[in-house]
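Peer 1: Chain by chain, the residues:
Protein chains: 2
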Amino acid sequence: MTTINRLDSRDPGFASALSSLLAFEASQDESIDRAAADILAAVRHRGDDALLEYTRRFDRVEVASAQALEIPRDSWQAALQSLPAAQRQGLEAAAQRVRSYHERQRAQTWTYTEADGTMLGQKVTPLDRVGLYVPGGKAAYPSSVLMNAIPAKVAGVAELIMVTPTPDGLRNPMVLAAAAIAGVDRAFAIGGAQAIGALAYGTATIPAVDKIVGPGNAYVAAAKRRVFGTVGIDMIAGPSEILVICDGRTPADWIAMDLFSQAEHDELAQAILLCPDAAYLDEVAASIDRQLPGMPRADILRESLGKRGALIQVRSLEEACDIANDIAPEHLEISTDDPEKWVERIRHAGAIFMGRYASESLGDYCAGPNHVLPTSRTARFSSPLGVYDFQKRSSLIQVSRQGAQTLGRIAADLALGEGLQAHAASAQYRLDKA
Amino acid sequence: MTTINRLDSRDPGFASALSSLLAFEASQDESIDRAAADILAAVRHRGDDALLEYTRRFDRVEVASAQALEIPRDSWQAALQSLPAAQRQGLEAAAQRVRSYHERQRAQTWTYTEADGTMLGQKVTPLDRVGLYVPGGKAAYPSSVLMNAIPAKVAGVAELIMVTPTPDGLRNPMVLAAAAIAGVDRAFAIGGAQAIGALAYGTATIPAVDKIVGPGNAYVAAAKRRVFGTVGIDMIAGPSEILVICDGRTPADWIAMDLFSQAEHDELAQAILLCPDAAYLDEVAASIDRQLPGMPRADILRESLGKRGALIQVRSLEEACDIANDIAPEHLEISTDDPEKWVERIRHAGAIFMGRYASESLGDYCAGPNHVLPTSRTARFSSPLGVYDFQKRSSLIQVSRQGAQTLGRIAADLALGEGLQAHAASAQYRLDKA
Numbered sequence: 001m002t003t004i005n006r007l008d009s010r011d012p013g014f015a016s017a018l019s020s021l022l023a024f025e026a027s028q029d030e031s032i033d034r035a036a037a038d039i040l041a042a043v044r045h046r047g048d049d050a051l052l053e054y055t056r057r058f059d060r061v062e063v064a065s066a067q068a069l070e071i072p073r074d075s076w077q078a079a080l081q082s083l084p085a086a087q088r089q090g091l092e093a094a095a096q097r098v099r100s101y102h103e104r105q106r107a108q109t110w111t112y113t114e115a116d117g118t119m120l121g122q123k124v125t126p127l128d129r130v131g132l133y134v135p136g137g138k139a140a141y142p143s144s145v146l147m148n149a150i151p152a153k154v155a156g157v158a159e160l161i162m163v164t165p166t167p168d169g170l171r172n173p174m175v176l177a178a179a180a181i182a183g184v185d186r187a188f189a190i191g192g193a194q195a196i197g198a199l200a201y202g203t204a205t206i207p208a209v210d211k212i213v214g215p216g217n218a219y220v221a222a223a224k225r226r227v228f229g230t231v232g233i234d235m236i237a238g239p240s241e242i243l244v245i246c247d248g249r250t251p252a253d254w255i256a257m258d259l260f261s262q263a264e265h266d267e268l269a270q271a272i273l274l275c276p277d278a279a280y281l282d283e284v285a286a287s288i289d290r291q292l293p294g295m296p297r298a299d300i301l302r303e304s305l306g307k308r309g310a311l312i313q314v315r316s317l318e319e320a321c322d323i324a325n326d327i328a329p330e331h332l333e334i335s336t337d338d339p340e341k342w343v344e345r346i347r348h349a350g351a352i353f354m355g356r357y358a359s360e361s362l363g364d365y366c367a368g369p370n371h372v373l374p375t376s377r378t379a380r381f382s383s384p385l386g387v388y389d390f391q392k393r394s395s396l397i398q399v400s401r402q403g404a405q406t407l408g409r410i411a412a413d414l415a416l417g418e419g420l421q422a423h424a425a426s427a428q429y430r431l432d433k434a
Numbered sequence: 001m002t003t004i005n006r007l008d009s010r011d012p013g014f015a016s017a018l019s020s021l022l023a024f025e026a027s028q029d030e031s032i033d034r035a036a037a038d039i040l041a042a043v044r045h046r047g048d049d050a051l052l053e054y055t056r057r058f059d060r061v062e063v064a065s066a067q068a069l070e071i072p073r074d075s076w077q078a079a080l081q082s083l084p085a086a087q088r089q090g091l092e093a094a095a096q097r098v099r100s101y102h103e104r105q106r107a108q109t110w111t112y113t114e115a116d117g118t119m120l121g122q123k124v125t126p127l128d129r130v131g132l133y134v135p136g137g138k139a140a141y142p143s144s145v146l147m148n149a150i151p152a153k154v155a156g157v158a159e160l161i162m163v164t165p166t167p168d169g170l171r172n173p174m175v176l177a178a179a180a181i182a183g184v185d186r187a188f189a190i191g192g193a194q195a196i197g198a199l200a201y202g203t204a205t206i207p208a209v210d211k212i213v214g215p216g217n218a219y220v221a222a223a224k225r226r227v228f229g230t231v232g233i234d235m236i237a238g239p240s241e242i243l244v245i246c247d248g249r250t251p252a253d254w255i256a257m258d259l260f261s262q263a264e265h266d267e268l269a270q271a272i273l274l275c276p277d278a279a280y281l282d283e284v285a286a287s288i289d290r291q292l293p294g295m296p297r298a299d300i301l302r303e304s305l306g307k308r309g310a311l312i313q314v315r316s317l318e319e320a321c322d323i324a325n326d327i328a329p330e331h332l333e334i335s336t337d338d339p340e341k342w343v344e345r346i347r348h349a350g351a352i353f354m355g356r357y358a359s360e361s362l363g364d365y366c367a368g369p370n371h372v373l374p375t376s377r378t379a380r381f382s383s384p385l386g387v388y389d390f391q392k393r394s395s396l397i398q399v400s401r402q403g404a405q406t407l408g409r410i411a412a413d414l415a416l417g418e419g420l421q422a423h424a425a426s427a428q429y430r431l432d433k434a
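From first to last, the protein sequence lines are chains A and B.
The numbers in full-length UniProt numbering rise by one with no breaks, and the one at position 170 of the first sequence is 170.
The numbers in full-length UniProt numbering rise by one with no breaks, and the one at position 105 of the second sequence is 105.
You may find that some hints are simply not true.
The calculated lysine to any residue pairs, modelled on SDA-like cross-linking and capped at a C-alpha distance of 25 Å, are [as the list claims (entries may be wrong)]:
1) A:Lys341 / B:Gly156
2) B:Lys433 / A:Thr336
3) A:Lys123 / B:Arg106
4) A:Lys123 / B:Glu319
5) A:Lys123 / B:Glu344
6) B:Lys123 / A:Ser287
7) A:Lys123 / B:Asn5
8) A:Lys123 / B:Gly117
9) B:Lys433 / A:Ser287
10) A:Lys307 / B:Thr230
11) B:Lys307 / B:Ala107
12) A:Lys123 / B:Thr230
13) A:Lys123 / B:Pro296
14) B:Lys341 / A:Tyr280
15) A:Lys123 / B:Thr336
16) A:Lys341 / B:Gln108
17) B:Lys123 / B:Thr113
18) B:Lys123 / A:Asp234
19) A:Lys341 / A:Pro251
20) A:Lys433 / B:Pro296
21) A:Lys341 / B:Gly117
22) A:Lys153 / B:Leu22
23) B:Lys307 / B:Glu114
24) B:Lys153 / A:Lys307
25) B:Lys123 / A:Tyr280
26) B:Lys433 / A:Met295
27) A:Lys123 / A:Gln67
28) A:Lys153 / B:Pro296
29) B:Lys153 / A:Glu159
30) B:Lys433 / A:Asp289
31) B:Lys123 / A:Gln108
32) B:Lys341 / B:Glu319
33) B:Lys153 / A:Asp289
34) B:Lys433 / A:Arg345
It is worth saying that the hints were derived from the structure and are not from the lab.
Since this is a predicted model, take the numbers as computed values, not measurements.
Looking at chain A on its own, in the form it has when it is part of the complex (with noise of 0.2 Å):
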């Protein structure tokens, strides 16, 4: 059997090779995007009317008004109530140790005087209102509610709108349980790209909100990308992903199992390891044939992993580094002793789990920092998910008289220079007359 891919870096196609296995491209599917405006533009001119038109065709819902698709709080409390105690305690617990960890991540309002009394600095403040879209269905993730819900109300966002769609009016309760939780101020049973236009623009029901994030399928993608600018959103995620570096002396099962809890998510899911030692990788090869059939999604993992994962020779720890920097992966796993001395080396990732006992899956629920992180390469220029998010700053610039002579000869030299003469009489103004 040869359920995944091996590659060495000895290779002389070795990059090429990791080159098209990497390779993955967002098909921007042009009638998805134009269904996708239309939706936009309905809701945007006919509010709650096309709401409910949109509600009533996709999520065969039907109700007499809009303010009956607003899940009621009292009904959250009772899915929380309704929920295993173990499920239940261990929503409160990850939600407490995210909580703590983005605490951390809250900026501050910070200002400095300079010698001539002029005052500069930087104002923050959290965004007013944010809108949380959760997929219905099989992709409703609790933790993903805890995830997206925390950083914003950390950050002081006023009010946090959730949606989530419900098809045929089944509503989940892990969700509601997990907005008990995570703080969510109200929520409402819409979804698809009617519930992104109803946030951005607003409705008679729906409340206009500054920015929307969480993840939706290909239609949601689209309609945050053509909403954006009249909102905020975060990222578009692609399909999620896992690098381990291992030294070769983890259990093989532990890496085996751990290339599998990236690749369970979908066929695109990527999970790649890199380790010098050829027989290391044999044994987790070996694991991976022994351990996939008893797997419930066994046909998923079979085809992400001959698709897009593989076991990858390397030359070096240090090398492995270099190539993880190159991958910008969205999760890194450090599978070895010192694991610090390595992560200095790294520059690219979106999440770097450190240790042998660092497992993603530890990440994914409730070590504490987020689980929604760059994929697809974008770890380059981008971040987790965080309070920053939902944070935004304004400078503040506070001119002294005095300073005002200064500063001003510096603008009006440098404005009449770019022709704007408007810009230096301005300053010019503000000098004292000799």
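Position chain B relative to chain A; hints supplied.
Peer 2: Chain B in isolation, oriented as in the chain A frame:
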């Protein structure tokens, strides 16, 4: 004469009058978008050849090879030496102040260790390589080179690559001088969508970057939107705006000129004054009418103030702050005594200029904070350009064996609740066997 509109917040039609004054929608021209897409595809697939072709066609610059498009560093230094002393010193003083402000924005890596030895944290790293687009021709502002380049270099970006079109081969010495001062690493005489494509995908001559910043025309903006995801981009800026809140005791000529300094940018720029004192608004209106004919850009001023400008009488300064929060202006001047008192009430603004001496033009050039600011109400959810746009974060998760016992149980419970068995098994492998 009535150069500028007058509104009164007490009028029954005020809200809708204000809203139509503010209405601005960036027209997304399909033909521009299509042309940009074609240029990007050509540069992606034919590299330098396509780049040379478009540069010949659009900039009328004919060179033997793409290497000849690089603007050598010694010519930047020559440009710097050739500047009039006042402008050179002005640029250097401005750069120094901008650098000193932005150094306070630098984020640091942090970690913390829990009682059971689990370590969590956030590692901060700069982007490797950034592209800076600088428009050619009339809109080539050296101040903009400083404002975009300095935060990137303060963040620690290793390689900052400037591109700027040089129509008919004309290279702007102020822009090159600013590049030398700001610490740009390399510069190429290319522009338009073809320059964006070269930076996003790389060619044999132009290295691929991780993020592209800087303003540009509609083709550049369309190309940036399209390469977003392959690289990071900054915001797509709309027309520039100023909102002035005044108590009626700043010299009317100063405030009129502050409004001009925004309106002179272009016909779509927006300048609005809020004041509770009708007599003062009359005074400013008279000053506008008196000063306007003498301004070099009188035609632009007349159109901008007539179409998009307004003097608005408000009930109180408190109401002025509420209106400011609705408008979420790019620039906000609070021209009063004790501006701190009013800043407290402001939640949404790109930059806040406090007191009668802080004219916006000082911030545009040399106060220190960035002049690249969120426009078109996006200050509700976004921030000035800053060092934070050139740094990114990686979560750090090091779990001790003891920590894995607690976290593993929580993660397994939640993973099973979500139907992700491999996630659960991966956590459970780290549990000590009883």
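Peer 1: Now, for every hint given, state plainly whether the structure supports it.
Peer 2: Here's how the hints hold up against the structure:
no., hint, in the structure
1, A:Lys341 / B:Gly156, "holds (21 Å)"
2, B:Lys433 / A:Thr336, "holds (21 Å)"
3, A:Lys123 / B:Arg106, "holds (15 Å)"
4, A:Lys123 / B:Glu319, "holds (21 Å)"
5, A:Lys123 / B:Glu344, "holds (10 Å)"
6, B:Lys123 / A:Ser287, "violated (33 Å)"
7, A:Lys123 / B:Asn5, "violated (32 Å)"
8, A:Lys123 / B:Gly117, "violated (36 Å)"
9, B:Lys433 / A:Ser287, "holds (20 Å)"
10, A:Lys307 / B:Thr230, "holds (22 Å)"
11, B:Lys307 / B:Ala107, "violated (42 Å)"
12, A:Lys123 / B:Thr230, "violated (32 Å)"
13, A:Lys123 / B:Pro296, "violated (36 Å)"
14, B:Lys341 / A:Tyr280, "violated (66 Å)"
15, A:Lys123 / B:Thr336, "holds (19 Å)"
16, A:Lys341 / B:Gln108, "holds (19 Å)"
17, B:Lys123 / B:Thr113, "holds (14 Å)"
18, B:Lys123 / A:Asp234, "holds (21 Å)"
19, A:Lys341 / A:Pro251, "holds (21 Å)"
20, A:Lys433 / B:Pro296, "holds (23 Å)"
21, A:Lys341 / B:Gly117, "holds (18 Å)"
22, A:Lys153 / B:Leu22, "violated (30 Å)"
23, B:Lys307 / B:Glu114, "violated (60 Å)"
24, B:Lys153 / A:Lys307, "violated (40 Å)"
25, B:Lys123 / A:Tyr280, "violated (30 Å)"
26, B:Lys433 / A:Met295, "holds (21 Å)"
27, A:Lys123 / A:Gln67, "violated (37 Å)"
28, A:Lys153 / B:Pro296, "violated (50 Å)"
29, B:Lys153 / A:Glu159, "violated (37 Å)"
30, B:Lys433 / A:Asp289, "holds (24 Å)"
31, B:Lys123 / A:Gln108, "holds (19 Å)"
32, B:Lys341 / B:Glu319, "holds (14 Å)"
33, B:Lys153 / A:Asp289, "violated (49 Å)"
34, B:Lys433 / A:Arg345, "violated (34 Å)"
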